[in-house]
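Engineer: Residues per chain are reported as follows:
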Amino acid sequence: MRWIERGAVAALMIAMALAYAFNVVVRELAPAHASSFAWIEEACLFALAWVVFLGLGLALERGRHIAMTSLLERFAPRLRRAVKLAVDLAGVLLSLYIAKLGLDITLFVVRSGQLSPTLDASMGWLYAAMPAGFVLLALRYVLELPAARGRLAARAARLEH
Amino acid sequence: MLVVLLCVLAFAMLALGFEMLLVMGLPAVLAKAAFQPGMPDVIIPQKIMSGVNVGTLLAIPFFIFAAELMAHGVIAKRLTAMVRALVGHTPGGIGHTTVASCMAFGAVCGSAPATVAALGRLCHPELARAGYSEKFSLGLIASSAECALLIPPSITMIIYGWITGTSIAALFAGGLMVGVVLGVAFMGLVQWETWRVAARRGDKPGPGERLAAVQAGAWALGLPLVILGGIYSGIFTATEAAAVAVVYAVLVEMVVYRAIGVRELVRIAESSAVTVSAIFVLLAMGALLSHFVVLADLPRIVLDFVRELNMNWVMFLLFVNVLLFAAGMFIDPNSILLLFVPTLYPVATALGIDPVHFGLLVTLNICIGMITPPFGLDLFVAASTLNRPVETVIGGIWRFVLVNIAVLALITYVPAISTALPKLLL
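Chains as they are written, first to last, in the working numbering: chain A, 187 to 347; chain B, 144 to 569.
This is chain B alone, in the form it adopts within the complex:
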């Protein structure tokens, strides 16, 4: 009874606009007082610290810092220019450039909103000039950015790996495949739209121009090589790759391209630190909350329920997808991980589902949540960086959501797409 009351309290706080740290923290503290009154109170600060003082999570501040550096400097611009020089002149080329740039930027950045902010302004005017409708262009920008969450590095996967103890390198390898599948699916949609509106092609650049664009982007292109090459050759851990990425980005932006000065570096560091604080306070409060979730035996209750309904893994994953899709419409990505994964993961492994496969499925669901109204974060970021009403972005998003759901079904029921590459590499 009390558990239900606490859930209702949490949901009411969430809906009324309480900060997520309060939505997780208050019920956790109350649950401690109600169910474990005998336990010493020091468990609370200990658990809070246990969500911060973790070696693998150290990759997150570094990846955030690197992404903000690249978004404010010129690395994002050079990568886009390079992709455009290579594919811009093909039918649907400008649309494909948007998807492929997001995938390329995703390979250096682990956050979808950062990708929307960095690439939206670069791609949007060109999409309009090529003849795509406003709604389609905005939808394409908001949803292509999802690839950043799937193509390594990915902050979402690092957090999932921490919660479940799954290898982050394996998640990254699987995410690469899933990200490519999603990107190709979006390109299919671009091709269809291109035929429908007879969109204009980009100009075909000469070989000299192409070479120049590739040369200009070479330093930027070095970054994904350093990150992925370093991780899979065994030189770096993910965290080390992230720290090296920061230093590489600082060197390239400040010394090679001279796009960022010292004053701006400090400003970017400060703004990254505030982002880090906002994410980690959720991890801290989530660690506290999930401690009491596990103590309350919630995973076993769900597992019993699943067993009683005679669910096999196919049914269970359908249930997970529907649950996360609904939750993703309202709750932000990191909170979804912290609220649901501690309960669902033990059930998934009990049903014999591969941890990497389950992680990618959760990540893909989170991606969809970022572009579904009413609270998809990417929709708001796209609207605010491009100065368009949110309603216009939402108006163009439904086709992308449908494509996304089709890809989700494919990834859910063909586990090999997620697990083949990790098995090959590791």
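Chain A on its own, in the form it takes in the complex:
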């Protein structure tokens, strides 16, 4: 499961850069064919959305999301535990709420049959990244609930030696 997440974001990163650069080369060397690859820009934007939202959960478990934890780290263990629980609960609730709204909008654009301008794909492919990613983020917040330090330890290990 995690393996799929990691492989997917890595593959999308590489594919995006190659496709986009390919587009430039075609335009400079064979401008006549450039218009037949106009969909690449849009495909890259779709890929970016998937990288961003699929990466949310991975970023959380590695303590890579930006947060100001210096004060939290200085709290007594019991207080820190309580605050972290509040953070995790807020994280679960907000992620699930956004995932639900994301699913609504995805189903809405799929039903409306809205197509992207140059890619000719349903805009649902773009919006589907949001519920998928935020469900994975909610899952990571749930997994963090029982941990006393969890991602705080991962972040500390990364910042301090």
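Warning: the hint list may mix true and false statements.
Computed footprint of chain A on chain B; a stretch qualifies when at least three of its residues, placed anywhere within it, have a C-beta under 8 Å from a C-beta of chain A [as the list claims (entries may be wrong)]: (1) 166-174; (2) 186-194; (3) 203-210; (4) 382-390.
Derived by calculation from the structure, the hints in this document are not laboratory data. Keep in mind the model is a prediction, meaning the values are calculated, not measured. All C-beta atoms, glycine included, are put in the ideal place defined by N, C-alpha and C.
On the provided structure of chain A, position chain B as indicated by the hints.
Structural biologist: Showing chain B alone in chain A's frame:
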């Protein structure tokens, strides 16, 4: 009243260590429920997507990917070796090498922490050997890396350009000048310290050695040429230059220098993707938040306040500098852009301030924020890559902060430094 309550909630969440995505997202969702209950909820996912699905922002993942490739491969090393061969033997040469390497690496990389991580380990032992104190060396490394944010490409400027609709090419051109001014100011400080501690010079290399170093670095040097040359000759947009930079870096590191294998490429791609996710979720939540900030008419309230105090642009920029300096001590760069620029930018343009000038001023403030305690990111990155306590890095930073503030004052009140080059080029 409710607005104040939401601000207090956001600030409390920030201080207690909530992830920035929650600090921006929760108040935004609550503001929607409180002030715009009639508006359909789909506005929330739409606005979130509007911070991601943007053509100009596509440059950011590419620049991040390219920077991580170069930091893990040998491009950073070759650039440093080349600069050292050229200036290392002059008085203060090792110190100047550090500043100039950061500027050169800044021309291929748009992120200050990445620059600290890539160059810190290369420059630090040499600074110690030349006789500079530990505190000075660490301070120099952490602060020289700021040049990476100013010298194009710069992720901060891309985001500013997206928020305000300012030309990214113009911001890049102005940033080049401001970055050089800042680099020269740091070199002045290095010179003074060199005299004070009578630091040792590097060995003078022979012409053969120099030629060899330049040849070894030639492929690395091609990268800034491709990026800047491509953008200003009109061949590439900034995003295209960024994608080409990735492919160029992959080719140079994997084929020419054979420093990175396929397995490592995948690992770097994955780690870049996680960085991209952490940055873009802020852009997404920031787009959501700033939508409600604008709906709440915050910019007009600030403008009225500024008008009431009879502030002219000189006073207003002083106010902006103080505000951003204070905020920068606590909040990370991208969040500062997203939290303050949507409110301050309309006020700045109403007072007749040039958008490029204002953007560079904001960027420079963000740079200072990255090296000011308690939460300057560069301080922590320097401490962790060099295995030194954060306290030592902080102990040596104050002189650099002072030089930085002097440069900020110069850039603030001499707009021509920021605007001359963009006007000439574009």
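Engineer: Give a verdict on every hint.
Structural biologist: Evaluated hints:
no.: 1; hint: 166-174; result: holds (count 3)
no.: 2; hint: 186-194; result: holds (count 5)
no.: 3; hint: 203-210; result: holds (count 3)
no.: 4; hint: 382-390; result: holds (count 6)
In the structure shown, no violation is registered for any of the earlier numbered hints.
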